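K.L.:
This note's numbering puts the first residue of the sequence shown at 33, with every later residue one more than the last.
FYI, nobody ran anything at the bench for these hints, they're computed from the structure. In this text, all values refer to a predicted model and were calculated from it rather than measured experimentally.
Quick list of in silico lysine-lysine cross-link-like pairs, DSS-like style, CA-CA up to 25 Å:
| id | residue 1 | residue 2 |
| --- | --- | --- |
| 1 | K46 | K84 |
| 2 | K373 | K130 |
| 3 | K328 | K304 |
| 4 | K116 | K172 |
| 5 | K273 | K328 |
| 6 | K40 | K130 |
| 7 | K130 | K46 |
| 8 | K160 | K116 |
Okay, the calculated beta carbon distance ranges per label pair:
| id | residue 1 | residue 2 | range |
| --- | --- | --- | --- |
| 9 | D34 | T305 | 50 to 60 Å |
| 10 | D189 | S288 | 18 to 28 Å |
| 11 | K329 | T179 | 14 to 24 Å |
| 12 | A43 | K84 | 13 to 23 Å |
| 13 | T179 | G249 | 28 to 38 Å |
| 14 | T164 | D94 | 43 to 53 Å |
Note that CB positions come from ideal geometry on N, CA and C, so glycine has one too.
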Amino acid sequence: MDISVVNKLDASIKYDRYITFSSKNKHADVLIETFLDVWNIKRHLRNIKDDKRIVFDVNDVDPKHKKGLMNRIVQSMYTFCFYKTSCPTRPSLIFVDKSFQKDCRHDIQAEYYVANFVRDISNQVSNKMTPTDFCDAAQKLFAHHPTTRVTILDEHDLAQQGMNLILATGAGSANSPRLLVVETLHNDKRDCVCVVGKGVTYDSGGYNLKSKSAMYGMHLDKTGGAICLGLMKYFSKFHLKKKLVIVVPLIENSISHTAIKPGDVITSYSGKTVEIVDTDAEGRLILADALSFACKKYKPKTIIDIATLTSWSSRLHCHTSYVYFTLNEMLAYAVNHTGEKECERSLRIPAWAEYMKLTKSHIADVKNYGFTECVNSDGFMASMFLMNFVPPRFRMNWIHFDIKHISTHPQLGMSEGFHTLISVLRSLVI
33 MDISVVNKLD ASIKYDRYIT FSSKNKHADV LIETFLDVWN IKRHLRNIKD DKRIVFDVND
93 VDPKHKKGLM NRIVQSMYTF CFYKTSCPTR PSLIFVDKSF QKDCRHDIQA EYYVANFVRD
153 ISNQVSNKMT PTDFCDAAQK LFAHHPTTRV TILDEHDLAQ QGMNLILATG AGSANSPRLL
213 VVETLHNDKR DCVCVVGKGV TYDSGGYNLK SKSAMYGMHL DKTGGAICLG LMKYFSKFHL
273 KKKLVIVVPL IENSISHTAI KPGDVITSYS GKTVEIVDTD AEGRLILADA LSFACKKYKP
333 KTIIDIATLT SWSSRLHCHT SYVYFTLNEM LAYAVNHTGE KECERSLRIP AWAEYMKLTK
393 SHIADVKNYG FTECVNSDGF MASMFLMNFV PPRFRMNWIH FDIKHISTHP QLGMSEGFHT
453 LISVLRSLVI
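Please model the entire structure based on the sequences and the hints provided.
P.N.:
Below you can see the structure in the form of C-alpha coordinates.
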(Lines of atoms letter the chains of each structure in order from A; the text may use other names.)
(Lines give C-alpha, C1' and ligand atoms only; values in the text may rest on other atoms or scores of the structure.)
Protein backbone atom coordinates (compact mmCIF):
# COMPACT_ATOMS: atom_id res chain seq x y z
CA MET A 33 0.00 0.00 0.00
CA ASP A 34 1.47 3.31 -1.13
CA ILE A 35 1.08 6.21 1.32
CA SER A 36 2.00 9.83 0.68
CA VAL A 37 1.45 13.19 2.33
CA VAL A 38 1.43 16.41 0.31
CA ASN A 39 0.87 20.08 1.07
CA LYS A 40 -1.21 20.61 -2.06
CA LEU A 41 -2.77 18.17 -4.49
CA ASP A 42 -1.26 18.44 -7.96
CA ALA A 43 -3.89 18.96 -10.64
CA SER A 44 -2.35 16.16 -12.71
CA ILE A 45 -3.01 13.55 -10.02
CA LYS A 46 -6.02 11.37 -10.80
CA TYR A 47 -8.01 9.81 -7.99
CA ASP A 48 -11.12 7.69 -7.50
CA ARG A 49 -12.41 9.40 -4.40
CA TYR A 50 -11.81 12.66 -2.52
CA ILE A 51 -12.84 12.75 1.15
CA THR A 52 -12.65 15.81 3.38
CA PHE A 53 -12.44 15.71 7.16
CA SER A 54 -13.20 18.52 9.56
CA SER A 55 -13.37 19.16 13.29
CA LYS A 56 -16.02 21.89 12.91
CA ASN A 57 -17.50 22.12 9.42
CA LYS A 58 -20.70 20.08 9.37
CA HIS A 59 -20.66 20.09 5.56
CA ALA A 60 -17.50 18.01 5.47
CA ASP A 61 -17.76 14.38 4.42
CA VAL A 62 -16.80 13.17 7.88
CA LEU A 63 -16.69 14.93 11.24
CA ILE A 64 -13.46 13.96 12.97
CA GLU A 65 -15.05 13.39 16.39
CA THR A 66 -17.15 10.52 15.05
CA PHE A 67 -14.28 9.04 13.08
CA LEU A 68 -11.93 8.79 16.06
CA ASP A 69 -14.19 6.05 17.40
CA VAL A 70 -12.83 2.89 15.78
CA TRP A 71 -16.34 1.45 15.41
CA ASN A 72 -17.22 4.16 12.88
CA ILE A 73 -14.44 3.27 10.46
CA LYS A 74 -16.45 0.49 8.85
CA ARG A 75 -19.42 2.77 8.31
CA HIS A 76 -17.41 5.57 6.70
CA LEU A 77 -14.91 3.53 4.68
CA ARG A 78 -16.87 0.41 3.84
CA ASN A 79 -17.19 1.19 0.12
CA ILE A 80 -13.78 2.64 -0.71
CA LYS A 81 -11.48 -0.38 -0.67
CA ASP A 82 -12.24 -1.09 -4.33
CA ASP A 83 -10.83 2.30 -5.28
CA LYS A 84 -7.27 2.47 -6.57
CA ARG A 85 -6.37 5.93 -5.28
CA ILE A 86 -8.06 7.86 -2.49
CA VAL A 87 -7.38 11.42 -1.38
CA PHE A 88 -8.04 12.46 2.22
CA ASP A 89 -8.15 16.21 2.85
CA VAL A 90 -7.23 16.84 6.51
CA ASN A 91 -6.59 20.59 6.29
CA ASP A 92 -9.56 21.48 8.50
CA VAL A 93 -8.81 18.90 11.17
CA ASP A 94 -7.69 20.07 14.60
CA PRO A 95 -3.89 19.53 14.78
CA LYS A 96 -4.26 17.48 17.98
CA HIS A 97 -6.41 14.96 16.07
CA LYS A 98 -4.65 14.97 12.72
CA LYS A 99 -1.98 12.31 13.33
CA GLY A 100 -4.43 9.99 15.08
CA LEU A 101 -6.89 10.31 12.21
CA MET A 102 -4.23 9.42 9.66
CA ASN A 103 -3.14 6.44 11.79
CA ARG A 104 -6.67 5.06 11.82
CA ILE A 105 -7.23 5.50 8.11
CA VAL A 106 -4.02 3.66 7.23
CA GLN A 107 -4.68 0.85 9.67
CA SER A 108 -8.29 0.45 8.54
CA MET A 109 -6.99 -0.47 5.08
CA TYR A 110 -5.01 -3.39 6.47
CA THR A 111 -5.71 -6.91 5.23
CA PHE A 112 -3.94 -10.15 6.18
CA CYS A 113 -3.64 -12.12 2.94
CA PHE A 114 -0.74 -14.49 3.51
CA TYR A 115 -2.88 -17.59 3.10
CA LYS A 116 -5.47 -16.43 0.56
CA THR A 117 -5.19 -17.57 -3.05
CA SER A 118 -6.24 -14.06 -4.11
CA CYS A 119 -5.92 -10.83 -2.18
CA PRO A 120 -7.60 -7.48 -2.84
CA THR A 121 -5.31 -4.70 -3.99
CA ARG A 122 -4.73 -2.12 -1.30
CA PRO A 123 -5.53 1.41 -2.51
CA SER A 124 -2.95 4.18 -2.70
CA LEU A 125 -3.57 6.85 -0.07
CA ILE A 126 -2.80 10.55 -0.43
CA PHE A 127 -3.21 12.87 2.55
CA VAL A 128 -3.49 16.59 1.81
CA ASP A 129 -2.25 18.79 4.64
CA LYS A 130 -1.02 22.32 3.94
CA SER A 131 0.82 22.45 7.28
CA PHE A 132 2.75 19.23 6.63
CA GLN A 133 6.54 19.54 6.78
CA LYS A 134 8.20 17.74 3.88
CA ASP A 135 11.21 16.65 5.92
CA CYS A 136 8.86 14.55 8.09
CA ARG A 137 7.47 12.57 5.16
CA HIS A 138 9.84 9.60 5.38
CA ASP A 139 9.39 9.30 9.16
CA ILE A 140 5.60 9.19 8.85
CA GLN A 141 5.66 6.71 5.98
CA ALA A 142 8.08 4.47 7.90
CA GLU A 143 5.86 4.60 10.99
CA TYR A 144 2.78 3.53 9.03
CA TYR A 145 4.68 0.76 7.28
CA VAL A 146 6.05 -0.61 10.54
CA ALA A 147 2.60 -0.50 12.21
CA ASN A 148 1.23 -2.86 9.57
CA PHE A 149 4.42 -4.95 9.67
CA VAL A 150 3.70 -5.53 13.37
CA ARG A 151 0.23 -6.76 12.51
CA ASP A 152 1.64 -9.12 9.86
CA ILE A 153 3.91 -10.74 12.46
CA SER A 154 1.22 -10.84 15.13
CA ASN A 155 -1.35 -12.39 12.79
CA GLN A 156 0.93 -15.21 11.63
CA VAL A 157 -0.71 -18.51 12.59
CA SER A 158 0.89 -20.78 15.17
CA ASN A 159 1.91 -23.61 12.83
CA LYS A 160 3.82 -21.07 10.71
CA MET A 161 5.26 -18.97 13.54
CA THR A 162 6.77 -21.08 16.32
CA PRO A 163 9.36 -19.63 18.72
CA THR A 164 12.10 -20.77 16.33
CA ASP A 165 10.29 -19.27 13.33
CA PHE A 166 9.94 -15.96 15.17
CA CYS A 167 13.69 -15.89 15.80
CA ASP A 168 14.42 -16.80 12.18
CA ALA A 169 12.21 -13.91 11.05
CA ALA A 170 14.14 -11.54 13.32
CA GLN A 171 17.49 -12.73 11.95
CA LYS A 172 16.34 -12.17 8.37
CA LEU A 173 14.90 -8.78 9.27
CA PHE A 174 18.15 -7.46 10.73
CA ALA A 175 20.60 -9.44 8.58
CA HIS A 176 21.63 -6.34 6.63
CA HIS A 177 21.59 -3.89 9.52
CA PRO A 178 25.23 -3.38 10.56
CA THR A 179 24.16 -1.30 13.56
CA THR A 180 22.18 -4.12 15.19
CA ARG A 181 23.10 -7.46 16.74
CA VAL A 182 20.75 -10.43 17.11
CA THR A 183 21.29 -12.99 19.89
CA ILE A 184 19.14 -16.09 20.32
CA LEU A 185 19.18 -18.24 23.44
CA ASP A 186 17.87 -21.78 22.87
CA GLU A 187 16.65 -24.18 25.53
CA HIS A 188 20.21 -25.19 26.48
CA ASP A 189 21.29 -21.56 26.86
CA LEU A 190 18.18 -20.81 28.91
CA ALA A 191 18.94 -23.73 31.23
CA GLN A 192 22.53 -22.57 31.63
CA GLN A 193 21.34 -19.04 32.45
CA GLY A 194 18.77 -20.33 34.95
CA MET A 195 15.73 -18.94 33.13
CA ASN A 196 13.52 -21.63 34.55
CA LEU A 197 10.22 -19.75 34.30
CA ILE A 198 10.61 -19.50 30.52
CA LEU A 199 11.70 -23.13 30.28
CA ALA A 200 8.92 -24.43 32.53
CA THR A 201 6.19 -22.44 30.82
CA GLY A 202 7.21 -23.76 27.40
CA ALA A 203 7.99 -27.30 28.57
CA GLY A 204 4.67 -28.74 27.41
CA SER A 205 5.32 -28.03 23.73
CA ALA A 206 7.42 -29.84 21.15
CA ASN A 207 8.52 -26.38 19.99
CA SER A 208 11.22 -25.40 22.45
CA PRO A 209 11.33 -21.93 24.04
CA ARG A 210 13.67 -19.20 22.92
CA LEU A 211 14.86 -15.82 24.14
CA LEU A 212 15.41 -13.27 21.39
CA VAL A 213 17.63 -10.24 22.03
CA VAL A 214 18.20 -7.51 19.44
CA GLU A 215 20.39 -4.55 20.38
CA THR A 216 21.77 -1.50 18.63
CA LEU A 217 25.52 -0.93 18.42
CA HIS A 218 27.80 2.12 18.24
CA ASN A 219 25.91 4.33 20.65
CA ASP A 220 26.07 5.40 24.29
CA LYS A 221 25.60 2.37 26.56
CA ARG A 222 25.26 4.40 29.75
CA ASP A 223 21.62 5.33 29.21
CA CYS A 224 20.36 2.09 27.70
CA VAL A 225 16.62 1.67 27.01
CA CYS A 226 15.23 -1.89 27.14
CA VAL A 227 11.89 -3.01 25.73
CA VAL A 228 10.61 -6.47 26.72
CA GLY A 229 7.76 -8.07 24.77
CA LYS A 230 5.66 -11.13 25.53
CA GLY A 231 6.02 -13.72 22.78
CA VAL A 232 3.56 -16.57 23.32
CA THR A 233 3.15 -18.01 19.83
CA TYR A 234 0.10 -19.99 20.98
CA ASP A 235 -1.63 -20.06 24.34
CA SER A 236 -3.90 -23.00 25.12
CA GLY A 237 -3.92 -22.05 28.79
CA GLY A 238 -2.02 -25.20 29.72
CA TYR A 239 -3.66 -27.42 32.34
CA ASN A 240 -5.86 -24.45 33.24
CA LEU A 241 -7.32 -24.92 29.79
CA LYS A 242 -9.06 -22.05 28.05
CA SER A 243 -12.69 -22.34 27.02
CA LYS A 244 -13.65 -23.24 23.46
CA SER A 245 -14.46 -19.64 22.55
CA ALA A 246 -11.31 -18.26 24.18
CA MET A 247 -9.02 -20.74 22.43
CA TYR A 248 -9.50 -19.27 18.95
CA GLY A 249 -7.15 -16.41 18.17
CA MET A 250 -4.53 -17.28 20.77
CA HIS A 251 -1.80 -17.12 18.12
CA LEU A 252 -2.16 -13.37 18.70
CA ASP A 253 -0.62 -13.70 22.16
CA LYS A 254 2.76 -12.82 20.64
CA THR A 255 1.64 -9.25 19.87
CA GLY A 256 3.99 -7.76 22.49
CA GLY A 257 6.94 -9.49 20.85
CA ALA A 258 5.77 -8.38 17.40
CA ILE A 259 5.63 -4.77 18.60
CA CYS A 260 9.20 -5.10 19.88
CA LEU A 261 10.36 -6.23 16.44
CA GLY A 262 8.51 -3.33 14.85
CA LEU A 263 10.02 -0.80 17.23
CA MET A 264 13.55 -2.04 16.54
CA LYS A 265 12.88 -2.12 12.79
CA TYR A 266 11.74 1.51 12.96
CA PHE A 267 14.54 2.84 15.17
CA SER A 268 17.37 0.87 13.54
CA LYS A 269 17.22 3.33 10.64
CA PHE A 270 18.12 6.28 12.88
CA HIS A 271 21.35 7.36 14.49
CA LEU A 272 20.48 6.80 18.14
CA LYS A 273 22.07 8.66 21.02
CA LYS A 274 21.32 5.80 23.41
CA LYS A 275 21.49 2.05 23.16
CA LEU A 276 18.17 0.34 22.42
CA VAL A 277 17.60 -3.32 23.33
CA ILE A 278 14.57 -5.53 22.75
CA VAL A 279 14.13 -8.77 24.68
CA VAL A 280 11.42 -11.24 23.62
CA PRO A 281 10.81 -14.49 25.55
CA LEU A 282 9.14 -16.95 23.17
CA ILE A 283 7.14 -20.03 24.14
CA GLU A 284 4.11 -22.14 23.25
CA ASN A 285 1.83 -22.79 26.21
CA SER A 286 0.67 -26.36 25.59
CA ILE A 287 -0.46 -29.45 27.49
CA SER A 288 1.58 -32.64 27.79
CA HIS A 289 3.14 -34.86 30.44
CA THR A 290 6.07 -32.42 30.60
CA ALA A 291 3.96 -29.27 31.07
CA ILE A 292 3.86 -27.35 34.34
CA LYS A 293 0.87 -28.01 36.58
CA PRO A 294 -0.99 -25.93 39.16
CA GLY A 295 0.86 -26.24 42.45
CA ASP A 296 4.33 -26.58 40.95
CA VAL A 297 7.12 -24.37 42.30
CA ILE A 298 9.75 -22.95 39.93
CA THR A 299 12.94 -21.05 40.74
CA SER A 300 13.18 -17.95 38.56
CA TYR A 301 16.22 -16.31 36.94
CA SER A 302 16.24 -13.80 39.80
CA GLY A 303 16.45 -16.61 42.37
CA LYS A 304 12.93 -16.05 43.71
CA THR A 305 10.66 -19.07 43.83
CA VAL A 306 7.24 -18.94 42.18
CA GLU A 307 4.18 -21.04 42.98
CA ILE A 308 2.21 -21.84 39.82
CA VAL A 309 -1.42 -21.31 40.78
CA ASP A 310 -2.73 -20.89 37.22
CA THR A 311 -0.93 -22.15 34.11
CA ASP A 312 -2.97 -19.71 32.01
CA ALA A 313 -1.19 -16.82 33.72
CA GLU A 314 1.90 -17.74 31.71
CA GLY A 315 2.73 -14.35 30.24
CA ARG A 316 3.80 -12.84 33.54
CA LEU A 317 6.04 -15.85 34.18
CA ILE A 318 8.11 -15.46 31.03
CA LEU A 319 8.17 -11.67 31.42
CA ALA A 320 9.49 -12.10 34.96
CA ASP A 321 12.62 -13.91 33.74
CA ALA A 322 13.04 -11.55 30.78
CA LEU A 323 12.74 -8.41 32.94
CA SER A 324 15.26 -9.76 35.45
CA PHE A 325 17.63 -10.67 32.62
CA ALA A 326 17.34 -7.24 30.97
CA CYS A 327 17.97 -5.40 34.24
CA LYS A 328 20.96 -7.53 35.19
CA LYS A 329 22.69 -7.55 31.80
CA TYR A 330 21.96 -4.08 30.44
CA LYS A 331 21.24 -1.98 33.55
CA PRO A 332 18.76 0.15 31.61
CA LYS A 333 18.00 3.78 32.29
CA THR A 334 14.42 3.03 31.23
CA ILE A 335 12.75 -0.38 30.94
CA ILE A 336 9.43 -1.00 29.20
CA ASP A 337 7.45 -4.20 28.88
CA ILE A 338 4.58 -4.81 26.47
CA ALA A 339 2.17 -7.72 26.78
CA THR A 340 -1.28 -8.98 25.92
CA LEU A 341 -1.45 -9.97 29.54
CA THR A 342 -4.90 -9.77 31.09
CA SER A 343 -7.39 -8.16 28.63
CA TRP A 344 -8.01 -5.63 31.41
CA SER A 345 -8.25 -2.80 28.88
CA SER A 346 -11.19 -4.49 27.15
CA ARG A 347 -12.99 -5.17 30.40
CA LEU A 348 -12.38 -1.72 31.86
CA HIS A 349 -12.97 0.64 28.98
CA CYS A 350 -13.83 -1.07 25.72
CA HIS A 351 -11.85 -1.79 22.59
CA THR A 352 -9.99 1.41 21.78
CA SER A 353 -7.52 1.64 24.60
CA TYR A 354 -4.82 0.03 26.72
CA VAL A 355 -3.70 0.20 30.35
CA TYR A 356 -0.26 0.86 31.76
CA PHE A 357 1.51 0.88 35.12
CA THR A 358 4.43 3.00 36.26
CA LEU A 359 5.72 4.64 39.42
CA ASN A 360 7.37 7.37 37.35
CA GLU A 361 5.24 10.50 36.98
CA MET A 362 7.34 11.80 34.09
CA LEU A 363 6.84 8.58 32.12
CA ALA A 364 3.11 8.67 32.90
CA TYR A 365 2.91 12.26 31.66
CA ALA A 366 4.80 11.35 28.48
CA VAL A 367 2.37 8.50 27.74
CA ASN A 368 -0.72 10.62 28.42
CA HIS A 369 0.52 13.69 26.56
CA THR A 370 1.73 11.70 23.55
CA GLY A 371 -1.39 9.56 23.55
CA GLU A 372 -3.55 12.66 23.15
CA LYS A 373 -1.62 13.65 20.03
CA GLU A 374 -1.83 10.13 18.63
CA CYS A 375 -5.52 9.81 19.63
CA GLU A 376 -4.72 6.59 21.50
CA ARG A 377 -6.59 6.30 24.75
CA SER A 378 -5.06 4.80 27.85
CA LEU A 379 -5.77 4.35 31.54
CA ARG A 380 -3.09 4.28 34.19
CA ILE A 381 -3.16 1.38 36.64
CA PRO A 382 -2.93 2.76 40.21
CA ALA A 383 0.66 2.99 41.46
CA TRP A 384 -0.06 1.29 44.77
CA ALA A 385 3.19 -0.60 45.28
CA GLU A 386 2.18 -1.62 48.80
CA TYR A 387 -0.11 -4.24 47.24
CA MET A 388 2.96 -6.27 46.28
CA LYS A 389 2.52 -8.08 49.58
CA LEU A 390 -0.60 -9.75 48.17
CA THR A 391 1.54 -11.66 45.66
CA LYS A 392 3.22 -13.65 48.44
CA SER A 393 2.75 -17.41 48.47
CA HIS A 394 2.36 -19.73 51.46
CA ILE A 395 4.79 -22.26 49.99
CA ALA A 396 7.09 -20.10 47.80
CA ASP A 397 8.25 -16.50 47.58
CA VAL A 398 5.44 -15.39 45.27
CA LYS A 399 2.47 -16.86 43.38
CA ASN A 400 1.42 -16.08 39.83
CA TYR A 401 -2.34 -15.96 40.43
CA GLY A 402 -5.08 -16.40 43.01
CA PHE A 403 -5.05 -12.96 44.62
CA THR A 404 -8.32 -13.41 46.49
CA GLU A 405 -7.96 -10.07 48.28
CA CYS A 406 -8.19 -8.26 44.91
CA VAL A 407 -10.97 -10.00 43.02
CA ASN A 408 -11.39 -8.77 39.40
CA SER A 409 -8.14 -6.81 39.65
CA ASP A 410 -5.94 -9.14 37.63
CA GLY A 411 -4.40 -6.37 35.52
CA PHE A 412 -3.37 -4.51 38.64
CA MET A 413 -2.07 -7.60 40.42
CA ALA A 414 -0.18 -8.76 37.33
CA SER A 415 1.76 -5.49 37.57
CA MET A 416 2.44 -6.18 41.24
CA PHE A 417 3.68 -9.68 40.38
CA LEU A 418 6.06 -8.35 37.72
CA MET A 419 7.44 -5.73 40.08
CA ASN A 420 8.89 -8.54 42.18
CA PHE A 421 11.29 -9.23 39.31
CA VAL A 422 12.32 -5.65 38.59
CA PRO A 423 15.12 -4.82 41.06
CA PRO A 424 14.30 -1.81 43.30
CA ARG A 425 16.88 0.44 41.63
CA PHE A 426 15.08 0.08 38.28
CA ARG A 427 11.45 0.27 39.44
CA MET A 428 11.13 4.05 39.22
CA ASN A 429 12.08 3.92 35.53
CA TRP A 430 9.92 0.93 34.58
CA ILE A 431 6.63 1.06 32.70
CA HIS A 432 4.36 -1.90 31.99
CA PHE A 433 1.88 -1.85 29.07
CA ASP A 434 -1.06 -4.26 29.13
CA ILE A 435 -2.43 -4.14 25.59
CA LYS A 436 -5.03 -5.97 23.57
CA HIS A 437 -4.52 -8.26 20.60
CA ILE A 438 -3.96 -6.80 17.14
CA SER A 439 -6.48 -8.93 15.29
CA THR A 440 -6.94 -9.72 11.61
CA HIS A 441 -10.29 -7.92 11.68
CA PRO A 442 -9.58 -4.58 9.99
CA GLN A 443 -12.01 -2.55 12.08
CA LEU A 444 -11.01 -4.02 15.44
CA GLY A 445 -7.34 -4.72 14.97
CA MET A 446 -6.06 -1.24 15.60
CA SER A 447 -2.55 -1.04 17.01
CA GLU A 448 -3.67 0.94 20.05
CA GLY A 449 -0.64 2.32 21.86
CA PHE A 450 1.88 1.52 19.11
CA HIS A 451 2.23 5.08 17.83
CA THR A 452 2.40 6.36 21.40
CA LEU A 453 5.23 3.92 22.08
CA ILE A 454 7.14 5.12 19.04
CA SER A 455 6.82 8.75 20.14
CA VAL A 456 7.83 8.03 23.74
CA LEU A 457 10.82 5.95 22.62
CA ARG A 458 11.82 8.63 20.14
CA SER A 459 12.11 11.11 23.01
CA LEU A 460 14.25 8.62 24.96
CA VAL A 461 16.74 7.39 22.35
CA ILE A 462 17.00 10.03 19.60
